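Number of protein chains: 4
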Amino acid sequence: MKKTICVALTNRTNYSKLKTVLFELSKYQTIDCHIVLSSSILLERYGSSYKDLEQDGFKIDKKIDCALMNDSHEAMAKTIGLSVVEHATYFARRKPDLLLIVGDRFDMLAPVVAAGTMNIPIAHIQGGELSGTIDDVIRDVLTKFSSLHFVATEGSAKNLIDFGIKKESVYNYGCPAVEYISKLDVGDSFDPAHITKKFKNPIHVAKDEKYFLVMVHPDTTNERDVDMKKVLDVISGFGLKTFIFYPNIDAHNAEIVSSIAKYNNNNNFFMIRHMPLEDFVYVMAHCVCMIGNSSSGIRESASFAIPFINIGERQIGRERNENTIDIGADYNSLEATIQKSMNQKVGNSNIYYQEGCSNLIANAIAEYIGVEK
Amino acid sequence: MKKTICVALTNRTNYSKLKTVLFELSKYQTIDCHIVLSSSILLERYGSSYKDLEQDGFKIDKKIDCALMNDSHEAMAKTIGLSVVEHATYFARRKPDLLLIVGDRFDMLAPVVAAGTMNIPIAHIQGGELSGTIDDVIRDVLTKFSSLHFVATEGSAKNLIDFGIKKESVYNYGCPAVEYISKLDVGDSFDPAHITKKFKNPIHVAKDEKYFLVMVHPDTTNERDVDMKKVLDVISGFGLKTFIFYPNIDAHNAEIVSSIAKYNNNNNFFMIRHMPLEDFVYVMAHCVCMIGNSSSGIRESASFAIPFINIGERQIGRERNENTIDIGADYNSLEATIQKSMNQKVGNSNIYYQEGCSNLIANAIAEYIGVEK
Amino acid sequence: MKKTICVALTNRTNYSKLKTVLFELSKYQTIDCHIVLSSSILLERYGSSYKDLEQDGFKIDKKIDCALMNDSHEAMAKTIGLSVVEHATYFARRKPDLLLIVGDRFDMLAPVVAAGTMNIPIAHIQGGELSGTIDDVIRDVLTKFSSLHFVATEGSAKNLIDFGIKKESVYNYGCPAVEYISKLDVGDSFDPAHITKKFKNPIHVAKDEKYFLVMVHPDTTNERDVDMKKVLDVISGFGLKTFIFYPNIDAHNAEIVSSIAKYNNNNNFFMIRHMPLEDFVYVMAHCVCMIGNSSSGIRESASFAIPFINIGERQIGRERNENTIDIGADYNSLEATIQKSMNQKVGNSNIYYQEGCSNLIANAIAEYIGVEK
Amino acid sequence: MKKTICVALTNRTNYSKLKTVLFELSKYQTIDCHIVLSSSILLERYGSSYKDLEQDGFKIDKKIDCALMNDSHEAMAKTIGLSVVEHATYFARRKPDLLLIVGDRFDMLAPVVAAGTMNIPIAHIQGGELSGTIDDVIRDVLTKFSSLHFVATEGSAKNLIDFGIKKESVYNYGCPAVEYISKLDVGDSFDPAHITKKFKNPIHVAKDEKYFLVMVHPDTTNERDVDMKKVLDVISGFGLKTFIFYPNIDAHNAEIVSSIAKYNNNNNFFMIRHMPLEDFVYVMAHCVCMIGNSSSGIRESASFAIPFINIGERQIGRERNENTIDIGADYNSLEATIQKSMNQKVGNSNIYYQEGCSNLIANAIAEYIGVEK
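Protein chains in written order, with this note's numbering: chain D, 13 to 385; chain Z, 13 to 385; chain V, 13 to 385; chain P, 13 to 385.
In isolation and in its complexed conformation, chain D is listed as follows (with noise of 0.2 Å):
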């Protein structure tokens, strides 16, 4: 008999963590997959990410609008409140046999604490990690409520099973996205031409131009963590042009996005809300230095051996590859740690890597419920 499989989606960097494990799952006649999408990755605000999993063929069975147009802590409660209520509603009529959730936002809380009160088994990908910050707390959080743990490493898997999760339910097969993106052919250099996304306002980097990648998202549990303002000063200071990502939907994200656009008119600058993976990928791939508090720093930048300089304590506790540098709040460090990381050569291990991680991960999730290809 065939079994179902439910996978919740909130925000664009989820897809990027799941995508190859969608096409090895969709291998298995015996798997219905269904995706329900919610929060931040439907938004027009955040760059209308789920058209990416259209384009890549793949269905979305529902669409769950929950998001309150206010950026205060009430709202953000209620969004979570609200979609506890719509996956309910969508649990009890597909009737999964397994959650697939990714991550440590909260926004995944929802499908979270509906599929763990509706008793549906969840599998959770990325677990055991630290960052330091709120994530930290969401993501135990679904760790406790799933029952089948993926983990990128062997110190993630460690914090696991301290954590009084079963040693036989962690398996450490790495990181997919990390896989995924370390099997893209980037070429040697930057041209713009590979970029397929269009923009409304064009982006000119040349050729082998050289660029920055800035990315910094908010740290909900600290009131002012990254001083976004004082990171686009140095940066403009440069004189290079700058790709300049939005942060996540989070309450405090209103500060970020206008520090950045503050520099509207500053013809290096290009705002991005949200570029297609494998975009962003080839842009980080030739950087010549990747700054911020992005998780992507921490853990993909090191497959294209680019520097990548982190700033604040988002990541505080998150195993670093060698490529990192940490600034903490040493705004005055950042222009010098530029230039001399601009300098500096770093290798392209990547402790996040391993061969094989989404189709392990697929035939794990399948062994689970009971079914063979």
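Heads up, a few of these hints could be off.
Said to hold, decoys possible - Computed cross-link-like contacts, DSBU-like style, restricted to lysine-lysine with a CA-CA straight-line distance of at most 35 Å:
#, chain 1, residue 1, chain 2, residue 2
1, P, 209, D, 274
2, V, 209, Z, 212
3, P, 209, D, 241
4, V, 74, V, 210
5, P, 242, P, 209
Hints listed in this document are in silico derivations from the structure and should not be mistaken for laboratory results.
These numbers come from a predicted model, not from an experiment.
Starting from the structure of chain D, add chains Z, V and P where the hints point.
Just chains Z, V and P, lined up with the frame of chain D:
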């Protein structure tokens, strides 16, 4: 300046844990304590136990009606979703400096998810215990969202620290409910006149008459947990009077409730939806034997030196006093075990008891939010 | 191309009105009819009357649990709010070409507000009637949101047109419930074997024995409507068997329910939570007298030539058949009125009856959405 | 004893209608007036118009965030559902003796359904008007739920009475917004220094310069209502400065917003999200011609003797002053009509104006709830 604490209660057992702590907090002129109730504590069907707070002189600041009229898992999940929305509204109005919670029940997820998302620090009483059921998941989730942890035993403290909780936020002060009941004057023997609550169907237990106490809750992780029918069959065979308590609100309590209902015409059986804590403790203190899977058997009955026969797996991991006899699913042994326990003496030491517990907890909370008495 | 109709039902009386229309619609190969239930029709406490649909072979597409466990007005309002959310989710999935509704009860506001906001045309059965209560407001609101109106009398048609409704959208085809019950074979006299429903407390009414039928609903506009206690006091004096029906779900039914409960030990009284429609009609057809404030007394009892004693103001504006005797709040006259009515012959003509009603309604709906049989 | 009135506002036009009534009510020592806001009046995207209340010294008692980030009809319905839940919570706390509302917009359904279900009497300003759109349905629904009706014209009063509303509950006191603006001192000619609001993109209209005013709202009943592109094409041909106002929140405003956005680089066009009422009236009073489908054109522009060119069907049934010129969907005639209207004198009489309107309304409300000044 005055500080504000919100205290969330969701079921009848919450209050017994918080009662003395609330009295201690009320001694602080510098603290405004607001009580917010939701879920089963408000329901007539579960004894309208919120009235106990009112009788003790506590003002209820907000009653949140969120329980849907259906025992399905879908309805349970929606109840939580709606409760998150309502608690967010409430916290936005009260702007508490701290939320105080207790326990391990699913309906406490709602205030905690709301407060967690709204960056309100949470103090949690009774973390770190193990019972071997879904309650463990909820309890650990509540712990993860909390900043201050009041545990009842050394074992619980150790569990939390292994779990990644910072040692300095864990306080082992014992269980405030055990402290409270240990100080109640229960006299030397049973006298029905001592019971204050008046029942529709009067309870005919004579002075010094022998009787049993039965308390079984559903275990939502297992479709079928305690076989209530078998339990009541065995007990009815003894021909003794028996106090039988209705289960907590949960997706699967219908089965237990219906097993109880079948004995409606057994004149030895008294079905109790709710008793004030003091009456309950009085009944517990003088029974010949307590039978069931309730945590009050594990934690509280020892203080009165009465045997507790623990059935099923609901309390499997919880630290035990010497008065607990585990029979698991071996219903054939129940009769003999009851027989034996009725003729055995047990001591009244209790690992959950510590002198001054409630006062210590209130002081630690006050210190955390920065006020003096 | 096939068209989709959603049919929303919220309480037990809805189904009696829609039953034959649903059968007529099911004859259309070109129409997919989806039934969505919410509110009291789903509740055990109100007889789980959704089971009647299942027994008649109708598939229920979606059950929306939205009733909160509290009879307060606040909870009632939230039940509607939650139900609007859930109906919006449901309609977004089914994308109906039309929503079919019936009646005048507050819980029908939810599907109607959702459909109205989502530009889904609504066909309403039973608009234009007057009962002198809050139901009038709800009924007119349902009318305002509707595009197609099936009324039961000339008076109702006129009311709608005065009300600003376009004449060409008003169809006076009679009441489908009256059509249905008028065709039931109720025989010449009462035989208890004819009642199909089995009750926990069996009904002891002998063949041809005389009995009363009492049906009272709360009137939510008035704090105190029918004085149920006085009604039952008078009736009990007659010493006849009596079928007493529980009221609809409403904010103030607690009082009526408790008045009924006081007579639990009167062996002449049979308290009925729910009966299948056919059983109810059979009981109505042979009672010596029907007493209460239910619209079924006003509309349906006439078909069986039995007297209906109408109490209070709930039906004050509704068009009456000749079998209705109004006593208002004059409880002193109740005994004499019952006495008199038992000895009086009334005719069986019924102003709510029209031949072929359900077929005409189904055809008009089909024409509106543009399909042929 | 003091009485409590809650006043619900949902969009920017509500406040202009209520402003003077709120001032009149504030003169009553015996009345506590609590203002509750929800929906678009709170949204930055629609000009955060709640700030106007704050600037006028009104305290906002509760802001209800309920607008979902999506313009779909499904999201709009859920916004209402959530808003019903939140208003029920709010009313349960405030226990108002009366709810005061105004207008005809869908988001006002939420407070009204909540209050109606909770038996709170409602006073409605501006019932009985006709505009030929879905607004008519909402307006009549609001009327049906209300107990006290303040209409603006004899025609509206007659409509309500035909509609079944009791004559003695209908008060024709004129429109309080028209009363208010008619008393504003707008001087003899335009002076940009008079506009108090500061805009990000400054408005370059010189003293005494001629300009247009354009205000178009979506008509949710018709998929395509005003063709905004055609309107702006014609207007841009005149080469005059133009104030263009963003539409209300509604399911289909995306199209209008995007038509406006296309003219971002037209230096004659000034796009306005929101202006304080006084600024708006000043701009309206001196324009050469107002164009659009807004009720302010129909109702208010006459007081300043300026021509209003009414496009589409949104205002089809509303009573007109002599300054209104209807062109329907005949966009070809728009240029000539504008040309002609610019050279024509119109009088300043206004059928919506009555002296002392707001005072009379406040007094009638006070009498209804039984208080004296």
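Now for the hints, and whether the structure bears them out:
1. P:209 - D:274: holds, 21 Å
2. V:209 - Z:212: Holds, at about 30 Å.
3. P:209 - D:241: Measuring from Cα to Cα gives roughly 28 Å; hence the hint holds.
4. V:74 - V:210: holds, 27 Å
5. P:242 - P:209: holds, 29 Å
When the structure is compared with the earlier hints, no violation turns up for any of them.
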